[in-house]
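Novice: This is what each chain is made of:
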Amino acid sequence: MTAVAERPTAPPPPGHRRGATADGSSSPPATGTPGGNTDVAQLLSVVVLLLVALVPIGRVFDDTLWVRPVAAGVLVAVGLCWGLRQFGAGGLVTMAASVLAWLGFTSAVLAPATARFGVVPTRDTLEVGRVLLTDAAELIRAQSSPVEPEPALLLVAISGTWAIATAVCDAAFIRRVPLAAVGIALVGFSVPLPLATRTSGLALAVPFLIAAAGVLLAFGSVDLRRWLGPSSPRARAPGRRGGLATGAVLTTLAVGAGVLLADALPGFGEPPLYEIRGRGGTPSTNNPMVDLRTRLTASDGGTVLEVTTDRPMYLRTAALDTYEDQSWTAESIRGTPVGADGAIAPEVEANSTEEVTVDVEVGDLRGELVPVPYPAVAVEGPLAEYFQHDDRNGTVILDGGEQIGQGDAYTVTAAVPDPDAARIGASEGFAPDSHLTSLPDTVPARVEDLARQVIAEAEATTPLQQALAIQDELQTWNYSLEPPGGHGSDALDDFLDSRTGYCEQFAATMALMLRTLDIPARVAVGYTPGTLVDPDEGRWQVSHDNAHAWVEVLFPESGWLAFEPTPRSDGNVLVPSAANLTPSDTAAGDTDPPDIPDLADEEALVPGIDEDVPFDDQSLGEETDVTATAAEDDRRTWPWVTAGLFLVVAAGAVLTARRTAPDPADAVARVRAARVRAERLGQALGVPSRASDTDREFLTRLAQQAPSGAAGDAAHRLAVESARARYFPDVSADAAARAETATATLVEAMPPSEGIVDRARRAARVARARTAQSARYTRMRSWWGRRSG
Amino acid sequence: MTTEPHADAAVTQLAERFDAIEHNIGTVFEGKQDVVRLALIALLSEGHVLLEDVPGVGKTLLAKALARSISCSVRRIQFTPDLLPSDITGITVYNQERGDFEFKPGAVFANIVLGDEINRAGPKTQSALLEAMEEHTVTVDGTSHGLGTPFMVVATQNPIELDGTYPLPEAQRDRFMMRLSIGYPSPEAELGVLGVHGGGDRLPALEAVTDAREIAELIEAVKAVHVDESLQRYVVELVRATREHGEVELGASPRASLALLRGARALAGATRRPYVIADDIKALALPVLSHRLVLTPEAQLAGRSSEHVITAVLGDVPVPSGRG
Chain Z
1 MTAVAERPTA PPPPGHRRGA TADGSSSPPA TGTPGGNTDV AQLLSVVVLL
51 LVALVPIGRV FDDTLWVRPV AAGVLVAVGL CWGLRQFGAG GLVTMAASVL
101 AWLGFTSAVL APATARFGVV PTRDTLEVGR VLLTDAAELI RAQSSPVEPE
151 PALLLVAISG TWAIATAVCD AAFIRRVPLA AVGIALVGFS VPLPLATRTS
201 GLALAVPFLI AAAGVLLAFG SVDLRRWLGP SSPRARAPGR RGGLATGAVL
251 TTLAVGAGVL LADALPGFGE PPLYEIRGRG GTPSTNNPMV DLRTRLTASD
301 GGTVLEVTTD RPMYLRTAAL DTYEDQSWTA ESIRGTPVGA DGAIAPEVEA
351 NSTEEVTVDV EVGDLRGELV PVPYPAVAVE GPLAEYFQHD DRNGTVILDG
401 GEQIGQGDAY TVTAAVPDPD AARIGASEGF APDSHLTSLP DTVPARVEDL
451 ARQVIAEAEA TTPLQQALAI QDELQTWNYS LEPPGGHGSD ALDDFLDSRT
501 GYCEQFAATM ALMLRTLDIP ARVAVGYTPG TLVDPDEGRW QVSHDNAHAW
551 VEVLFPESGW LAFEPTPRSD GNVLVPSAAN LTPSDTAAGD TDPPDIPDLA
601 DEEALVPGID EDVPFDDQSL GEETDVTATA AEDDRRTWPW VTAGLFLVVA
651 AGAVLTARRT APDPADAVAR VRAARVRAER LGQALGVPSR ASDTDREFLT
701 RLAQQAPSGA AGDAAHRLAV ESARARYFPD VSADAAARAE TATATLVEAM
751 PPSEGIVDRA RRAARVARAR TAQSARYTRM RSWWGRRSG
Chain X
1 MTTEPHADAA VTQLAERFDA IEHNIGTVFE GKQDVVRLAL IALLSEGHVL
51 LEDVPGVGKT LLAKALARSI SCSVRRIQFT PDLLPSDITG ITVYNQERGD
101 FEFKPGAVFA NIVLGDEINR AGPKTQSALL EAMEEHTVTV DGTSHGLGTP
151 FMVVATQNPI ELDGTYPLPE AQRDRFMMRL SIGYPSPEAE LGVLGVHGGG
201 DRLPALEAVT DAREIAELIE AVKAVHVDES LQRYVVELVR ATREHGEVEL
251 GASPRASLAL LRGARALAGA TRRPYVIADD IKALALPVLS HRLVLTPEAQ
301 LAGRSSEHVI TAVLGDVPVP SGRG
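One line per chain: the protein sequences are Z and X, in this order.
Note that my numbering has the first sequence beginning at 1, numbered continuously upward.
Note that my numbering has the second sequence beginning at 1, numbered continuously upward.
Pulled out of the complex, with its shape left as it was, chain Z reads as follows:
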């Protein structure tokens, strides 16, 4: 045995390698993974982390075209960052190179024709980029997810994921803070979550995300024991379990938690936080308002339906009969299959009806909700077997995930009530189901005040008179696709103040006012009759612009009758009057709202796109929450829960930071902070500080990672100061400064971790040596053969 007693303060002898500590320790190298393997594992986990973080983007786009450019962008960004790090590039250089590469990549993917050699962006490319960005801004406002992966949106997706990938790489490879990398990737993961409704596949992605994070942390060799507080000599730590084992435990726990708890995370299985409105495909949803809202302000005038009928009809998709949280909603639609011959039991048996048959051909429309004239009594067509009818609100839907789409056709027979106006007018009202007149307490009193004022002025006493009075009053208000005022809970107040809005607000408000008078009312959504394109055959073209909301009021013996409070600027509405309770024409002329002069024009009765409202303005009309989705009810809580959690975490982080940040006057704390910084560096480099390590042992191992002797000196200086701060109650500010400088030197001296380049070189050397050896062997054999032969 050789007695060993090194000078504790002597710098480490050259040639000492990790795993063999100076005291001759032969304890197994708990984290003895060679630097290269750690590197590759880190790279792989970063790649997995980022790719998994892309999964939620699938909710934003309605097909998978986005996958290749976005994933390729991420891989290029990671590869670039990692490759540059191999050559020792710092953060700034990497960032600059990343920006250049991003320019090249997006040029090559989105506008190769304008780029020189397909990659180098030219002035034209930049112009294309500018246009795309402008488009993207509009599309994001106008479209609801999932959307088609249009180039403008792809540009946003590629750029966003590229930025996140670069930031993750910066954290993982350069700053060597695995935790930060995981955090950034999580941000990337969660950004698309609130945007859309589809949740499939996400729960599956979460365990992978957590596993990748675990691997990243494990190879960063986070030592949980250090997290749990300063080790005390009494705590008999299992010394052989180093960072790797701890990392493995962490990973296992994380995967377990991910599998078990993924669905408990906020945002999973929940409706979207907000809907970006507009056209862009119909989300598969049972919520009729989502369907409506995507159409009320359409982004183009494309044909939705072609209707052949001998009289213009509103085509209704759904009725909203519940008012909650400042919005009209419908409960989920539960259909029952229609009869064998397509017969539908009407919602309310009316005394007198007129049968109208409507042939509908579906154009640019997808969805489960079938636009039909109300009340439909029979529906036929190739899709007959899928038709279902919800008796509670007279809605026709398709069963089993089927959707109507381009080219579908069906024939609907509606039994349009033909009530006797005088008789209805005389009726004093009746006691309907309470839920048809119920309102929450949150409805402002001014709604009822206004209603009572209107009926008082009109001297309306019967429900019919009152409904007509309110309808007529609202018809005198102003129509605008860009109503003034804000959104959300104030939208109703804003509308009542400004008396300006569009069908959503008009219908919602009229239904509210009626209910305050105990008149059963609900909001219907669907389409106005549209444009008469072939008067001979009675063919009407319904476009997205014809999306509409109106009011239905229940009368005994007659059923639900439509009322039209909206003074639509295109006049494409059917307004009942006391004399004409069954509106059979687009009857804007009946009321002649003074604010809409062009309605006096006869042509306005069968209008197309309104010329007065610019196309873009129509499509990008301001959203209002007067009518909102049923999802809104559910989504009220979890943003608050999430925000609360964030607050708690943030407060915790601030407190921890405050506790751990050294007081400048406390030299001991400063030295300790310097040492902790070195420990973090060690963790990132795969050289964790073990509980049984002295300062010198750990720092010597750490310094061996650096090529220059400066690291050894710095490690030595830091070890001296750190040990002194631990064991000797006299530390000067100078000593603290020395420790901090030493740590800074250490951090700077650390090399880009040895990786693939070095390994490739070594492999090449080995291969050459083997070849030479085998050549020698062959020569020897042949020589031997000649000799013996």
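No lab work stands behind these hints, which were simulated from the structure alone.
With a Cα cut of at most 25 Å, we get these calculated SDA-like pairs of lysine to any residue:
#	chain 1	residue 1	chain 2	residue 2
1	X	Lys223	Z	Asp730
2	X	Lys104	X	Thr137
3	X	Lys124	X	Thr165
4	X	Lys223	Z	Pro729
5	X	Lys104	X	Pro81
6	X	Lys124	X	Glu134
Output of the computed footprint for chain Z on chain X, the stretches with three or more beta carbons under 8 Å from beta carbons of chain Z:
#	stretch
7	273-280
8	308-318
Simulated restraints, written as ranges between beta carbons of each label pair:
#	chain 1	residue 1	chain 2	residue 2	range
9	Z	Arg765	X	Asp8	54 to 62 Å
10	X	Ala189	Z	Ser732	35 to 43 Å
11	Z	Ser708	X	His23	26 to 34 Å
12	Z	Ser708	X	Thr27	32 to 40 Å
13	Z	Ala775	X	Leu301	45 to 53 Å
14	X	Arg240	Z	Ala180	35 to 43 Å
15	Z	Ser732	X	Arg213	33 to 41 Å
For each residue, glycine too, the CB sits at the ideal point set by N, CA and C.
With chain Z fixed as given, assemble chain X onto it according to the hints.
Specialist: Using the frame of chain Z, we list chain X on its own:
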């Protein structure tokens, strides 16, 4: 070697003298600086050293060089089977001139006692050293005689040649602060030995660089070196861990804790540090603890050594984080 900015004068003087002696010994005993340092640490922490190695590597040379560097009394005892305990302790004889009994001090009455091949003497003789080593006194015929300061026993034994030897009893082994092995010199050092020794023995020319009084002062300075309470606990944990280790039948004694702490103080002082750090303790754990452990027969059969156990213990017991 770093100069601690706050090292006080005593520690500075301690380190300077330490370096001087070390350098002095190094002129004749080359290439084994760490062994020299450990021996000096034992001297300054009032411990005794058991040099265990094969013949011819310089055990006696080291002991002699150490003794010569310090101007103090040195006695050499060649342990043989017929050596009597009284040869070591001394004997009371009747002085006819004075008509009274007179104490004739034995070989142990010196500042540095070199016991060569200690395992060649019988247990009785070996145990004659016991009291002297621990108590620094010798009792003969009911009268205690104090020993001077410093007092250090440097015993040597050959672990290979076991015929006709009496292995040291546990109690005696425990009284040695350290067991050191010198080991064969490196080829360069061996060449140097040839050159030096070929040109004549330089040992007689070795001059003392200090004296017994100064060493006594240094011993006092060592006692003043600060040890954080957490490190004292660390020492206790280490020693306790050797007792609880599965491969150990007999662990280290509390005397071992004491020796470890004292040695750490001396090592810290020698590095101009007025305080002990965990590295000091770790560096001394092997030489201070290894000879005190008795392994289980299974562990011995499995080829384990007490060095293995101590290394494992060092890797297991967490280093204290000190005051913060």
